[in-house]
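Hey, can you work out the whole structure from these sequences and the hints?
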Amino acid sequence: MNKRITFSEAGSGKGFLTLLAITGGMAAVGFLSFLFMEHSGHHVTGMNNQIVWGLPHVFAIFMIVAASGAANIGSVGTVFGKKIYQPLGRLSVITAISLLLGGLMVLVLDLGHPDRLIVAMTTFNFKSIFTWNILLYNGFLAIMGFYLWTMMDRSKLAKSLYKPAGYLAFLWRVILTAGTGSILGFLVARQYYDAAIMAPLFITLSYVLGTAIYSLVLMAAYKWTGRDLGDAVLNRLRYTLAIFIAAVLFFEVIRHLTNLYATEHHGIEAFILRDGGIVTAIFWLGQILLGTLVPLFLIWCKKLRNNRKALGAAAILAILGGASLIYVVLIGGQSYPLVLFPNAEVTSTFFDGIVNSYSPSIYEFMLGIGGVGVALLVIVLAVKVLRLLPDSLADSVADPHHKS
Amino acid sequence: MSNKMNQNDGVNGNINSYRRKFMAGVAGLATVVTVAPGVVLRQVQAKDPAEAVTDKKRWGMLIDTNKLTDGGDACIAACKKEHGWGDEKLSSNEQDAQWIRKVKVTEKLTKNETVLPVMCQHCDTAPCADVCPTGASFKRADGIVLVDKHICIGCRYCMMACPYKARSFIHETLIDQRPDTPRGKGTVESCNMCVNRVDAGKNPACVDAAPQAMLFGDLNDPESDISKALKEYGGTQIRADLGLNTGVRYWGI
Amino acid sequence: MIAHLLSAFFIVGNSMFSKFLSVASLMAILVSLLGVSGCDSKPLEIAKAVKSFDTDQQRDAHVADMRKNHMDRLMHKRDQTMHEGVRTPKYSLKACIDCHVPAPTESKVVRHTDPEHFCATCHAYVSVKIDCFQCHADHPDKPATAAASNILLNNNLKIATENTSTEAVAK
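Chains as they are written, first to last, in my numbering: chain A, 81 to 484; chain B, 13 to 265; chain C, 1142 to 1312.
Hints are supplied without guarantee of correctness; some may be wrong.
[As the list claims (entries may be wrong)] Once the Cα atoms are required to be at most 30 Å apart in a straight line, the calculated DSBU-like pairs of lysine-lysine come out as: (1) B:Lys101 / C:Lys1270; (2) C:Lys1283 / B:Lys214; (3) C:Lys1249 / A:Lys207; (4) B:Lys151 / A:Lys207; (5) B:Lys68 / B:Lys151; (6) C:Lys1192 / B:Lys214; (7) C:Lys1249 / B:Lys101; (8) B:Lys151 / C:Lys1235; (9) C:Lys1283 / B:Lys59; (10) C:Lys1249 / B:Lys151; (11) C:Lys1235 / B:Lys214; (12) B:Lys59 / C:Lys1235; (13) C:Lys1235 / B:Lys101; (14) B:Lys214 / C:Lys1231; (15) C:Lys1283 / B:Lys101; (16) C:Lys1231 / B:Lys68; (17) B:Lys59 / C:Lys1218; (18) B:Lys68 / A:Lys207; (19) B:Lys59 / C:Lys1192; (20) C:Lys1270 / B:Lys68.
[What the hints assert, rightly or not] What the simulated footprint calls covered on chain B by chain C, stretch by stretch (three residues with Cβ under 8 Å from a Cβ of chain C suffice, anywhere in the stretch; the number is not a length): (21) 143–156; (22) 193–200.
By construction, these hints were calculated from the structure, which means they are not laboratory data.
The structure presented is a predicted model; accordingly, all values stated were derived computationally and were not measured.
C-beta atoms are modelled at their ideal positions from N, C-alpha and C, and glycine is treated no differently.
This is the structure in structure tokens:
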């Protein structure tokens, strides 16, 4: 029987204030950029009528997908009954909530009419997957709050609801990520989307991003609060990360092979894999080499076992790879022209038939950074005021199979 | 002023003779009732303005690219004049709105060239309306696809969904809009088939600008010119493979 | 847990009470200044309508109804026109503008950003922001002779221009 786990708030001090200043500053930068974009209109951005979703959407989708994955750590403890994951659940849920808040903020503030959020929340078209996502995101926040309560409250009622809440959160999460993937999967018009595989791809991607971000947050929190963090916990996260990176690679290979088999998709595949310039570079270097192969090596290389720097680097690279994947799918998919007439060259005054280029403006980047800032700010504040972190995650405490 | 009116009459006269020729050429079916020289009874009946539109009608358009010798330049100019787009000051070329555009299609093997105007195709099952989270993109009962800019939140999902690239997002603050065509910053817009004119019993502006090559009418009415012409000779849809049952059909593509 | 949070809040509150007091009093002064500035200003004269009613009774009824209900009337009509194609002049925003905002002249175009604009006069006074004119024309169309100059300068068009002036479709 392992030792009883106690949770406590992170202490205050210079470190806390510094973190607060940095994340708050990022959020402020994002807000200023929003005010400028909202006042001027989108002509100050790099987006246009060809590339209608730009960098803010890369940030937003990234964070929304990662949110679902971050909650997975909690699910593994609750739904699959893995004891070692259970003390990690609270931080997992908070990370999920904060990432979703940050992502949604970026998404909403990039709308043409962010002032009409109330319209988006009250006027629904139920044939739109977007509408379902709005409901799924709001539901996610509520369910995660409920799940957190069942973890933290000591009453009998809360304890009895812990399992059901975990199952509900797990199910909701999977549907949410499938819904996010389907935003692209349900687009019949675009050559690079329009495929059911988008949903499982995004679900798997969410585990990669969530696990990577969670690992970094956990390591940082334990280092800065001076608490013990054993290898047992980190190794679980390490292998979880590796398995999901491999799974994303598998889905990507299948997706591209399917496209390469169908003649109608040869154009877009040649663009992404060979002729796309910056998009091609991001695909091969960012997504495949740095974002997939290198982190897999860092995790599975025997000499790097129990090496925290290697895990940290792998997590950062996995995040880079995931962001690259979303960038290639989103921007690359829009860069390639719509096919109005198969087997014909098309030209017009409205950029038909040509590859569209996209260069994001500083404001879009700042807005994205603002979202990341908000997410981190929420985590920092939550860790400070709530009892989220176990006092110790040393092997002797956390590992149920620990032999002393 | 009186000069101007006379000029207009002259142009109208020309157009009506074009129209007669076109209609006669179309199928030889169309019987055009002439009340007096130069005056043609309209196929398009003005509806009672207080009455709601119904699905008894489905408005459609037929474009004969062979007869459109300018490739649609006159249509595009008429559309700009009617709706006031194409005048955005701060937006880049890539950000400018285009409701209708001239597309040149060159077949890869044969090098056969066709020029045609492309705009919103007013799909029966419009992907833009399907994906719109608030229902701002919608198909009116009479088949005209519109954006309700009052509830458009500017998410641009419809632009991702449209196979025809028919939609534009407004990237800057606009002033001096046409009174019948509200359009503004942060919303998405596209060809509205001149819904204001259609409701008043007129043809869309582009059809009046190229009457020799374009027909506008009720696709649900078997006796309308457009229905007869389409029944006799068919009509091509762009991306017919998507099965969207478009309201705009073409000849010569 | 909640009790714990609350107590933490109170401890912080106690130690920072004097600071809180100074901030609060500063805010109070600022807010009261706002009230003073509000008292000083008077609403501008509302612009006269172009057309007039047959009888004073009709006009008074219209004014009383619209003062109270214009937003609901417009909203109702908005959806009817947009989605059902109902285009009677009654409660149509275009009809309002045609009557209440002067047509542009060579020297002056009254826009919704000007204080003398019919809608702006009251809305600025009560600080209610409207976004109607982000999309809708905020003044009647230019008189027919000037209308063509705007967009058509470089288009040598010989197209039939049907009269698309702003007259509402009357039954």
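Here's how the hints hold up against the structure:
Note on lysine 101 of chain B and lysine 1270 of chain C: the hinted pairing holds, with a Cα-Cα distance of about 25 Å set against a maximum of 30 Å. Distance restraint check for lysine 1283 of chain C and lysine 214 of chain B: the Cα-Cα separation of roughly 22 Å lies within the 30 Å cut-off, and the hinted pair is therefore satisfied. For the given pair, lysine 1249 of chain C sits about 48 Å from lysine 207 of chain A by alpha-carbon distance, which is inconsistent with the 30 Å threshold. Restraint check for lysine 151 of chain B and lysine 207 of chain A: satisfied, since their Cα atoms lie roughly 14 Å apart, inside the 30 Å limit.
Using a Cα cut-off of 30 Å, the hinted pair lysine 68 of chain B and lysine 151 of chain B holds, with the two alpha carbons roughly 14 Å apart. Distance restraint check for lysine 1192 of chain C and lysine 214 of chain B: the Cα-Cα separation of roughly 27 Å lies within the 30 Å cut-off, and the hinted pair is therefore satisfied. For a cut-off of 30 Å, the pair hint linking lysine 1249 of chain C to lysine 101 of chain B stands: about 21 Å separates their Cα positions. Distance restraint check for lysine 151 of chain B and lysine 1235 of chain C: the Cα-Cα separation of roughly 23 Å lies within the 30 Å cut-off, and the hinted pair is therefore satisfied.
Distance restraint check for lysine 1283 of chain C and lysine 59 of chain B: the Cα-Cα separation of roughly 27 Å lies within the 30 Å cut-off, and the hinted pair is therefore satisfied. Restraint check for lysine 1249 of chain C and lysine 151 of chain B: the C-alpha separation of about 39 Å exceeds 30 Å, so the hint is violated. For the given pair, lysine 1235 of chain C sits about 19 Å from lysine 214 of chain B by alpha-carbon distance, which is consistent with the 30 Å threshold. At roughly 19 Å between alpha-carbon atoms, lysine 59 of chain B and lysine 1235 of chain C fall within 30 Å of each other, so this suggested pair holds.
A C-alpha spacing of about 25 Å is found between lysine 1235 of chain C and lysine 101 of chain B, which places the hinted pair at or below 30 Å, so the restraint holds. Under the criterion of a C-alpha separation no larger than 30 Å, the hint pairing lysine 214 of chain B with lysine 1231 of chain C is consistent with the structure, at around 21 Å. Taking the CA atoms of lysine 1283 of chain C and lysine 101 of chain B, the gap is near 20 Å; set against the 30 Å cutoff, the hint holds. For the hint linking lysine 1231 of chain C to lysine 68 of chain B, the alpha-carbon distance of about 26 Å falls within 30 Å, and the restraint holds.
Pair hint lysine 59 of chain B plus lysine 1218 of chain C holds up; C-alpha atoms about 18 Å apart against a cutoff of 30 Å. A distance of roughly 24 Å separates the Cα atoms of lysine 68 of chain B and lysine 207 of chain A; the hinted pair therefore holds under the 30 Å criterion. A distance of roughly 27 Å separates the Cα atoms of lysine 59 of chain B and lysine 1192 of chain C; the hinted pair therefore holds under the 30 Å criterion. Between lysine 1270 of chain C and lysine 68 of chain B the alpha-carbon distance is near 40 Å, which puts this suggested pair outside the 30 Å criterion.
Interface restraint, the segment 143–156 of chain B with chain C: holds (4 residues with C-beta to C-beta distance below 8 Å; minimum three). With 6 residues carrying a beta carbon less than 8 Å from a beta carbon of chain C, the segment 193–200 of chain B meets the three-residue requirement, and the given coverage holds.
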